[in-house]
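Sequences listed follow chains A and B, in order. Under the numbering used here, the first residue of the first sequence carries the number 120, and numbering increases by one thereafter. Under the numbering used here, the first residue of the second sequence carries the number 115, and numbering increases by one thereafter.
Just to be clear, a hint being listed does not mean it is correct.
In silico EDC-like links for lysine to aspartate or glutamate, alpha-carbon gap of 20 Å or less [unchecked claim]:
(1) B:K174 with A:E227
(2) A:K232 with A:D222
(3) A:K158 with B:E148
(4) A:K161 with B:E180
(5) A:K224 with B:D196
(6) A:K306 with B:D187
(7) A:K158 with A:E250
(8) A:K224 with B:D187
(9) A:K322 with A:E250
(10) A:K232 with B:D196
Label-pair distances were calculated between CB atoms; the ranges are [unchecked claim]:
(11) B:I184 with A:R160: 21 to 31 Å
(12) B:I167 with A:R159: 23 to 33 Å
(13) A:R316 with B:G128: 24 to 34 Å
(14) A:N233 with B:H126: 26 to 36 Å
(15) B:W161 with A:R160: 36 to 46 Å
(16) B:H126 with A:W317: 26 to 36 Å
(17) A:M341 with B:I184: 49 to 59 Å
Far from chain B by the CB rule (all over 12 Å, computed), these chain A residues [unchecked claim]:
(18) M197
(19) A212
(20) K224
Calculated directly from the structure, the hints in this document are not laboratory data. For every residue, glycine included, the Cβ atom is placed at its ideal position computed from N, Cα and C.
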Amino acid sequence: MSDLLSIATIILAGIIQASLQLSLGGLVLLYHSSMGRHKRRKTRYLAKSYIWGAIAISFVFVCAGAFIIQNYIQQEAMQLWQVICIGVLIACALVMLLGYYRDSKSTELWLPKNISRYISRRARRTNDNIEAFSLGMLSSFAELPITMAIYFVVANCIANVRLPLLAALIYIAIVATPMMILKFSIKAGRNIIAAQRWRISNKRFIKVFSGSGFVVLALFIMAFWVM
Amino acid sequence: MGKKRITYEYTHNGVRESVLRHAKALRLPEGWGEQIAERIATATDKWIDDKEIVTEDDLKNFICKELDGISSDIAFAYRNHDKII
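All chains, please: the whole structure from these sequences, using the hints.
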């Protein structure tokens, strides 16, 4: 696969991951609970740390994945992994389209209840930057069942391009975009409830967008990697 | 074996603080937020006065209904803050 195709795949995978809602939901929760307790400046620092945490774990996953693919997975075995990856992507698409949200009136996700309660509780109790950073990492980590296949795709692309660091940074920039948009819109004076209302009113669109994104990514891999 | 029932004692300040926290999260002017919180807590005191026991959901519904008439944003935040993820 050429560098251009790899970068296109990375961009597509990044957009799909950016459309997932757990990290963004965690940030909304953090903003909501922090603005009620802390000064604006502290809330800004907490949000910044959260975003760094969320993108750091994605960066670590794709870089570690690229390293493993480059050094430990043989070319013959790679084709099998790619076929598995296509299957997982199609499964993720079905999960997104059929059952990503728990309820029609809210943005509650089908996460195990104890994980979502834990994230909510941590968001309410987060008081310093390290806690916010680890909360960001945790929320990215909790998304792993859905993002695992995306990480594999991105890692495989990164392992095969001439400028792997640039490719990883492009991916991370795309993943961070929704959180950055939320951060800047709060900074510009919009309140967090407006953001949450937007999430609720557009959740069907987001669901269809993410679901079809997974299908497109699976077809893309089938066309350019496997065949 | 049935589920263990957890009970809390109702306090005026508890309601006041929780409404105030949501008002602050919405960046309402502090004085206005405090006025709203006090008004809701006073209305809740009256409502709860003749009741022996109320569920958390009943209390939440009452507070949200009262908030609907004052600030739909705080009512929305109060109703949905535990349904974000």
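Verification of the hints:
1. B:K174 with A:E227: holds, 19 Å
2. A:K232 with A:D222: holds, 13 Å
3. A:K158 with B:E148: Distance ~17 Å between K158 of chain A and E148 of chain B Cα, so the pair holds.
4. A:K161 with B:E180: violated, 31 Å
5. A:K224 with B:D196: holds, 13 Å
6. A:K306 with B:D187: holds, 19 Å
7. A:K158 with A:E250: Roughly 17 Å between the alpha carbons, so the hint for K158 of chain A and E250 of chain A holds.
8. A:K224 with B:D187: holds, 16 Å
9. A:K322 with A:E250: This hinted pair is violated, its Cα atoms lying about 29 Å apart.
10. A:K232 with B:D196: holds, 12 Å
11. B:I184 with A:R160: 21 to 31 Å: holds, 29 Å
12. B:I167 with A:R159: 23 to 33 Å: violated, 40 Å
13. A:R316 with B:G128: 24 to 34 Å: holds, 27 Å
14. A:N233 with B:H126: 26 to 36 Å: With Cβ atoms ~33 Å apart, the hint holds.
15. B:W161 with A:R160: 36 to 46 Å: holds, 38 Å
16. B:H126 with A:W317: 26 to 36 Å: holds, 35 Å
17. A:M341 with B:I184: 49 to 59 Å: Roughly 56 Å apart at Cβ, these two residues keep to the hinted range, so it holds.
18. M197: Non-interface label on M197 of chain A holds, nearest chain B Cβ at 35 Å vs cutoff 12 Å.
19. A212: holds, 21 Å
20. K224: Not fine: 8 Å to the nearest Cβ puts K224 of chain A too close to chain B.
Violated hints for the displayed structure, listed by number in ascending order: 4, 9, 12, 20.
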